[in-house]
Amino acid sequence: MTMLRPQSVFPLAITALGLGLLGLFFVYPLFTVFKVSFIDAQAHITLANYAKILSKGFYQQAFINSFAIGIASTIGTTLLGVPLAYCVARLPVPGKSAVLVLIALPLVLPSFIAAYALVLLLGRSGVMTVWLQAQGIPFRSIYGMPGLVAVYMLTLYPYVVLPTLAAFKAVDASMEEAGQNLGASRWRVFWTVVLPIVAPSVMSGALLVLIESLENFGVAFVLAEDRPILSIEVYRLFAGEVGSNPASAGVLGVSLILCTTSVLLLQRRYLSKRRFATSTRAAPPIHKVGSALNLLATVFVWGTVLVALVPFFAVLVISFLEFRGPVMHGNFSVANFQDLWNRSSRPLFNTVFLASAASLVAALVGVPIGYVVTRFRSRLSHLLDMTAMMPFAVSGTVLGIGLVVAFNAGWLILTGGWLILVIAYCVRKLPFNVRASSAILHQIDPSLEEASINLGFSPVATFFRLTVPLMLGGVVGGMVLTWVTLAAELSSTVVLYSGSWSTMTTVIFQALEGTGAGIASAASAVLILTTALPLLMVYRLLRKHQLAVL
Amino acid sequence: MAAIALDKIDRKFGTVHAVRDVSLEIRDGEFFTLLGPSGCGKTTLMRMVAGFCELDSGSIRFGARRIDALPPHRRNTGMVFQSYAIFPNLSVAGNVAYGLRARGVASTERNERVRKALRLVHLDGYEDRWPHQLSGGQLQRVALARCLVIEPEVLLLDEPLSNLDAKLRVEMRYEIRQLQQKLGLTAIYVTHDQEEALAISERIAVMRAGRLEQVGTPWEVYNQPANPFVADFMGVTNLLPGVVVSARGGRIEVKIGEALFAARAETGAAGDKVTLLIRPESLLLLPAQHGPPPNFASFEAIVARIEYLGVLTRLDLDLGGVTVRVAVLDKAPDHAVPGGRVSVGYDPARAILFPAS
Ligand SMILES: Nc1ncnc2c1ncn2[C@@H]1O[C@H](COP(=O)(O)OP(=O)(O)OP(=O)(O)O)[C@@H](O)[C@H]1O
Ligand SMILES: [Mg+2]
Numbered sequence: 001m002t003m004l005r006p007q008s009v010f011p012l013a014i015t016a017l018g019l020g021l022l023g024l025f026f027v028y029p030l031f032t033v034f035k036v037s038f039i040d041a042q043a044h045i046t047l048a049n050y051a052k053i054l055s056k057g058f059y060q061q062a063f064i065n066s067f068a069i070g071i072a073s074t075i076g077t078t079l080l081g082v083p084l085a086y087c088v089a090r091l092p093v094p095g096k097s098a099v100l101v102l103i104a105l106p107l108v109l110p111s112f113i114a115a116y117a118l119v120l121l122l123g124r125s126g127v128m129t130v131w132l133q134a135q136g137i138p139f140r141s142i143y144g145m146p147g148l149v150a151v152y153m154l155t156l157y158p159y160v161v162l163p164t165l166a167a168f169k170a171v172d173a174s175m176e177e178a179g180q181n182l183g184a185s186r187w188r189v190f191w192t193v194v195l196p197i198v199a200p201s202v203m204s205g206a207l208l209v210l211i212e213s214l215e216n217f218g219v220a221f222v223l224a225e226d227r228p229i230l231s232i233e234v235y236r237l238f239a240g241e242v243g244s245n246p247a248s249a250g251v252l253g254v255s256l257i258l259c260t261t262s263v264l265l266l267q268r269r270y271l272s273k274r275r276f277a278t279s280t281r282a283a284p285p286i287h288k289v290g291s292a293l294n295l296l297a298t299v300f301v302w303g304t305v306l307v308a309l310v311p312f313f314a315v316l317v318i319s320f321l322e323f324r325g326p327v328m329h330g331n332f333s334v335a336n337f338q339d340l341w342n343r344s345s346r347p348l349f350n351t352v353f354l355a356s357a358a359s360l361v362a363a364l365v366g367v368p369i370g371y372v373v374t375r376f377r378s379r380l381s382h383l384l385d386m387t388a389m390m391p392f393a394v395s396g397t398v399l400g401i402g403l404v405v406a407f408n409a410g411w412l413i414l415t416g417g418w419l420i421l422v423i424a425y426c427v428r429k430l431p432f433n434v435r436a437s438s439a440i441l442h443q444i445d446p447s448l449e450e451a452s453i454n455l456g457f458s459p460v461a462t463f464f465r466l467t468v469p470l471m472l473g474g475v476v477g478g479m480v481l482t483w484v485t486l487a488a489e490l491s492s493t494v495v496l497y498s499g500s501w502s503t504m505t506t507v508i509f510q511a512l513e514g515t516g517a518g519i520a521s522a523a524s525a526v527l528i529l530t531t532a533l534p535l536l537m538v539y540r541l542l543r544k545h546q547l548a549v550l
Numbered sequence: 001m002a003a004i005a006l007d008k009i010d011r012k013f014g015t016v017h018a019v020r021d022v023s024l025e026i027r028d029g030e031f032f033t034l035l036g037p038s039g040c041g042k043t044t045l046m047r048m049v050a051g052f053c054e055l056d057s058g059s060i061r062f063g064a065r066r067i068d069a070l071p072p073h074r075r076n077t078g079m080v081f082q083s084y085a086i087f088p089n090l091s092v093a094g095n096v097a098y099g100l101r102a103r104g105v106a107s108t109e110r111n112e113r114v115r116k117a118l119r120l121v122h123l124d125g126y127e128d129r130w131p132h133q134l135s136g137g138q139l140q141r142v143a144l145a146r147c148l149v150i151e152p153e154v155l156l157l158d159e160p161l162s163n164l165d166a167k168l169r170v171e172m173r174y175e176i177r178q179l180q181q182k183l184g185l186t187a188i189y190v191t192h193d194q195e196e197a198l199a200i201s202e203r204i205a206v207m208r209a210g211r212l213e214q215v216g217t218p219w220e221v222y223n224q225p226a227n228p229f230v231a232d233f234m235g236v237t238n239l240l241p242g243v244v245v246s247a248r249g250g251r252i253e254v255k256i257g258e259a260l261f262a263a264r265a266e267t268g269a270a271g272d273k274v275t276l277l278i279r280p281e282s283l284l285l286l287p288a289q290h291g292p293p294p295n296f297a298s299f300e301a302i303v304a305r306i307e308y309l310g311v312l313t314r315l316d317l318d319l320g321g322v323t324v325r326v327a328v329l330d331k332a333p334d335h336a337v338p339g340g341r342v343s344v345g346y347d348p349a350r351a352i353l354f355p356a357s
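First to last, the protein sequences are chains X and G. According to the numbering used here, the stretch in the first sequence is residues 1 to 550, in order. According to the numbering used here, the stretch in the second sequence is residues 1 to 357, in order.
Worth double-checking, as some hints may not be accurate.
Here are the simulated SDA-like cross-link-like pairs (lysine to any residue), alpha carbons at most 20 Å apart as the crow flies [claimed, not checked]:
no., chain 1, residue 1, chain 2, residue 2
1, X, K169, X, L80
2, G, K12, X, S378
3, G, K331, G, S282
4, G, K273, G, E253
5, G, K12, X, R377
6, G, K12, X, R379
Computed beta-carbon distance windows for the label pairs [as the list claims (entries may be wrong)]:
no., chain 1, residue 1, chain 2, residue 2, range
7, G, R101, X, D339, 56 to 62 Å
8, X, R186, G, A209, 43 to 49 Å
9, G, R66, X, S97, 55 to 61 Å
10, G, K255, X, R186, 57 to 63 Å
11, X, S97, G, Y308, 49 to 55 Å
FYI, nobody ran anything at the bench for these hints, they're computed from the structure. Backbone N, C-alpha and C define an ideal beta-carbon position, used for all residues, glycine too.
Build the full structure now, drawing on both the sequences and the hints.
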């Protein structure tokens with residue numbers, strides 16, 4: 001029901017404010033990246049930058065690598081995720097509620113730490129590598145395409161599993177029964193009835209995987225070594241040792257954004273097609289299957305869920321081992337943590353401060369936007385919705401570069417302090433905040449707000465008196481999720497941090513570039529704990545508000 | 001407490017013409033019902049009165065005051081929602097006090113009025129309960145109390161009973177009517193249940209596709225429907241296609257199938273195609289070898305089907321291609337058997353003619 005009337009300035013004010021902020025801190029910075037990529041040293045408009053970069057074999061290879069890895073990860077994740085979702089939705093797999101919690105975890109745990117753990121286990125001198133080679137197995141290392149695809153599959157599979165699971169559960173049992181009743185075998189019904197219904201959900205999840213694997217910086221940085229990858233080359237061109245080259249970085253950045261943004265637009269289309277029979281009367285039954293098949297399903301589900309979490313446990317354990325340079329020794333000690341602490345405790349403080357400030361601001365901006373786009377449908381609010389989703393498709397490095405180029409001179413100078421980090425974090429997390437608050441609102445009957453208005457409170461008063469209290473639990477849950485993912489934010493941080501504003505992630509990043517494996521593992525362990533503990537604390541809240549992590 | 005005047009109201013949603021040129025006068029203290037099939041614009045019309053839906057054109061007045069430009073929170077209407085819309089984060093007392101807080105009523109007076117309102121809906125002692133501890137009927141009462149306590153000028157009820165079970169529905173509609181009469185409130189009630197509408201309304205407006213088809217008392221819309229749509233919507237009826245064979249002095253004869261029907265009507269000429277309306281319960285199965293009562297007309301037909309429904313029995317009679325339905329209390333007389341011939345009497349005043357559509 002539309003409530004948008006001329007005298008209700010409230011939604012209009014929020015829309016204007018939202019579009020203004022996004023325009024200034026998201027669209028404008030990206031536009032500057034776009035601009036520098038088309039300008040030569042004499043400030044003339046030119047295509048020369050593109051011609052120069054795109055004709056180099058090295059950068060062509062970067063495109064090929066990025067897309068090969070992205071597509072392979074997407075296919076792999078789908079092949080892993082859809083059967084897994086089916087098993088959880090329709091087979092009597094034991095411990096389902098635990099599975100449901102564990103499945104969502106990789107989305108909020110720092111993925112580049114999973115990649116780093118894999119290096120510790122399966123890198124050139126990794127624990128497992130050494131062991132395998134001692135067994136006479138000619139395993140070299142995990143670096144390169146196989147490692148990247150493996151890590152993306154293990155950290156991104158929830159993007160496919162969660163929506164697909166919901167779709168499988170929402171297929172009305174009577175539809176399947178009708179199919180069988182008409183003489184189709186169960187297998188045939190699955191292919192002709194069930195799969196087409198869940199397909200849009202699978203597709204929209206898979207496209208998110210494609211975006212994430214194309215734009216991801218940390219995982220690629222850890223595992224690519226010297227293979228060219230788009231998201232890394234953008235960073236190297238901008239912050240490289242040979243001197244900054246914003247124009248060339250811009251060329252790659254613009255290309256990357258164009259790719260991911262078109263994937264996102266495609267994903268939105270699939271998302272809007274996602275329609276189940278809304279009047280689901282009977283939840284689909286859990287199939288009875290033979291014990292062998294059930295065992296297989298159980299091993300598959302629990303195996304995947306646990307393997308995806310193994311890297312994080314490995315890091316926790318390894319952080320207590322003694323390192324000499326990059327080489328690990330068998331003795332347990334807390335030396336790594338002492339080293340880390342002695343260096344400086346400032347990064348931990350910075351991480352906590354930046355993540356707290358940014359998750360607060362992201363909620364303050366994102367919740368009203370979510371409210372307006374959900375409750376006041378109009379062309380303008382649709383534009384706001386689309387713009388607020390776009391940061392999801394923009395890699396953190398490119399956004400960071402945009403912010404630096406846009407705000408290191410001129411009327412507004414932000415570079416070099418903490419504020420620019422908070423701004424970048426807010427922009428990065430805005431899509432999640434808008435989606436989350438819109439999901440919370442979908443669970444609140446709009447007639448509650450109408451009742452409040454009808455009883456005499458103005459729309460603004462109703463928002464603060466009724467809607468905010470009703471949303472509060474969910475919003476707090478969403479803020480914790482934001483906090484947790486921001487504490488592990490690497491891609492925009494490495495571009496934007498300076499001087500005393502290094503964070504836990506940049507400490508790990510520097511240690512990886514150098515030889516501080518011990519410090520890196522200790523910092524990773526601290527980061528895992530800082531993210532896991534808040535999650536545990538608000539777990540019930542998240543369950544109650546059915547907060548989707550997507 | 002005010003009369004409501006709707007004047008030439010119109011509203012389109014894109015290509016859907018939800019409300020077309022609706023003009024209505026609802027009297028002070030009247031219980032007025034909007035009735036019609038799903039999607040006919042009842043909710044839209046009511047939401048316009050509440051202020052949740054804008055008018056493309058037209059005006060709404062409470063008494064002499066024009067209110068259609070007023071924002072919804074300043075219209076002083078009390079709306080009861082289909083989904084109850086009870087605030088889950090407030091207790092029963094908190095819910096009922098909500099509108100009083102909006103009006104800045106001091107706390108002692110507020111508590112007193114909340115207590116009174118809850119007593120009115122038979123929920124005394126439920127002040128500190130939480131909404132999730134209440135049944136559907138109790139929630140509906142809280143919703144009512146929450147509206148009544150603010151002493152609204154107009155009470156608006158949009159299918160308030162549709163989430164309740166059949167028995168409770170009958171009880172609650174009686175309670176709502178009683179309260180409305182006791183407090184002398186003007187009420188607009190939306191439903192698509194014709195029985196409910198007949199049972200509680202003083203007047204009913206039957207709507208179709210955004211238009212008012214007829215406005216009248218329950219007796220009028222049931223017995224003197226303005227057109228076949230209203231007749232059909234008001235319950236099972238016979239709408240029989242036929243041709244006028246003679247028209248003399250207000251008495252018209254119509255041939256339907258092979259039978260000849262009599263009806264009273266002011267206009268009509270031989271050869272006109274018409275639809276004749278006669279309700280199944282206005283038709284009287286005559287005992288074997290009996291003529292009709294005085295002033296009654298009669299026709300003969302073949303029994304096609306008999307359905308025993310408990311309170312009454314329904315017979316489908318064949319007039320030679322046209323089926324006419326008869327309802328008799330209890331069971332059908334012994335001589336009425338499928339395939340057999342029966343005589344049926346009726347009062348021609350109960351037969352209404354419409355031009356064929
Ligand atoms: N906000 C809206 N946007 C677009 N179309 C609408 C909107 N509100 C109502 N309509 C359309 O206007 C028409 C009338 O709707 P309305 O809700 O008033 O019907 P109703 O008589 O209350 O039906 P029901 O008995 O199903 O509640 C419908 O065709 C509906 O689809
Ligand atoms: Mg309605």
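Among the hints numbered above, which are violated by the structure, and what are their numbers in rising order? Violated hints: none; all satisfied.
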